[in-house]
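Asker: Starting from the known structure of chain P, fit chain G onto it as the hints suggest.
2 protein chains.
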Amino acid sequence: MTLDLCPSPALYPFYKKENDSVIIVDIFRASTTICTMLHNGASAIITVPTIEDAMKYKAAGYLVGAERQTRRCDFADFGNSPFDYSREKVLGKEIVFTTTNGTMAIEMGRESRMLYIGAFSNIAALANRCMKESNRVVILCAGWNNRINMEDTLFGGAFAEALSAVGDLTLGSDAIKMASALWQEAKHDPLAYLQKSDHYQRLIDNGVESDARYCLQHNTVTVVPVYRSADRKISALV
Amino acid sequence: MTLDLCPSPALYPFYKKENDSVIIVDIFRASTTICTMLHNGASAIITVPTIEDAMKYKAAGYLVGAERQTRRCDFADFGNSPFDYSREKVLGKEIVFTTTNGTMAIEMGRESRMLYIGAFSNIAALANRCMKESNRVVILCAGWNNRINMEDTLFGGAFAEALSAVGDLTLGSDAIKMASALWQEAKHDPLAYLQKSDHYQRLIDNGVESDARYCLQHNTVTVVPVYRSADRKISALV
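Protein chains in written order, with my numbering: chain P, 1 to 238; chain G, 1 to 238.
Next up, chain P with everything else stripped away, as it sits in the complex (with noise of 0.2 Å):
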């Protein structure tokens, strides 16, 4: 099969091809939250793209998650962090979600034939489900206000790897030739490599340094996370 990357959510319209399988990325924290919450037993995940949405589904009587520049919405249940979203709090419960950057990777992608969540979290189960896959897998990397970032070109990178280990892979372009190659470098110490990003800086600012090590974490769940358009809800893969 081939894999590709698409750094930014803006350049995936060059990046797009028929019949792609696509795989969201927000390593820090969107898609890490999104395989915690239904690892913990959300039953789905409706992702909107504004605040406003979120206040009128949050009127409505819905658990609201909602953070823009790494901050926790004031109205809503809970933030980013992936600790906000524990067993007793969603179990059974369909949970609204809007993040900075996450979100608007999910609207691009939400044409594709399938659409996957992933993260390092369940890093094992995407790459077997992936495998299965006949068709182009391409990462739509979340990024940071379009602009590209380090920690999803490296899931990128670590992808490939896993895809490796179970099958044959083919390298689709220059983008995830460029992470395969900085992922060799960087995954003997993911967490160190990652203090000189952007992003991880902003999470010290506002200190949840705890969250990028948990985002870290390879294979702490095994669910596969995917998207439906028909109702626009996150639910796990059966």
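Hints are not guaranteed to be accurate.
Intra- or inter-copy, both count: the list cannot distinguish identical chains.
To be verified - Taking lysine to any residue and the SDA-like style, the derived pairs with C-alpha atoms no more than 20 Å apart in a straight line are:
| no. | residue 1 | residue 2 |
| --- | --- | --- |
| 1 | K58 | R147 |
| 2 | K17 | N145 |
| 3 | K93 | N146 |
| 4 | K187 | S134 |
| 5 | K196 | S164 |
| 6 | K196 | D168 |
| 7 | K16 | R147 |
| 8 | K196 | T2 |
I should point out that these hints are in silico values taken from the structure, not numbers from a laboratory.
Answerer: Just chain G now, kept in the frame of chain P:
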């Protein structure tokens, strides 16, 4: 000074800041070829976005370089190979020039305070010039049809190294940090490193591997090309 890198023309709106100086880079081959033209005595280069524009200039008696998808356009005097532009052909002449990606990048960056053209061939001259700037400098990679590429990214890392050799440097975002990490891995043999890249393969397929070798040589010229938006011409900074 602060250096950043914008990996695709389509992302420039998200990297742009007021008073930036911008360096257009299209290593394979437009920016290298522009440096060669001016080194060989061309008085100016008029970049145009479309084939139709270039044909009008041709009809008006100008010498024209025109390339699309790695090949010289039939009507043109030159393609995008630096070897096309010998001193005896270009000395004292204005050359009209349009290429697949390079001229698009120039269009994106044309409103910046200063717009330079960068290549491995003029990297030291350009670093010395940029160190005199008090502003932020952004490398704007031409990429390939708005996708990111390896050779322009590696130049970003090489340029960061060249600037560090002559002054204090801050890396502005993850994009230039990743480019620097890749360059440190590639610099001992960039030609070998780039043999896995997409565009190197395209050059091989078109029989111009010698161009790739030429485009990776450092400091073969001392010219700093600068674009002036008033008359849309590139000439040597004096």
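Asker: Does each hint fit the structure? Answer for all of them.
Answerer: Structure-based check of each hint:
| no. | hint | in the structure |
| --- | --- | --- |
| 1 | K58 to R147 | neither (30 Å within a copy, 39 Å between copies) |
| 2 | K17 to N145 | between (23 Å within a copy, 14 Å between copies) |
| 3 | K93 to N146 | neither (31 Å within a copy, 41 Å between copies) |
| 4 | K187 to S134 | neither (28 Å within a copy, 37 Å between copies) |
| 5 | K196 to S164 | between (28 Å within a copy, 17 Å between copies) |
| 6 | K196 to D168 | between (33 Å within a copy, 17 Å between copies) |
| 7 | K16 to R147 | both (18 Å within a copy, 11 Å between copies) |
| 8 | K196 to T2 | between (31 Å within a copy, 15 Å between copies) |
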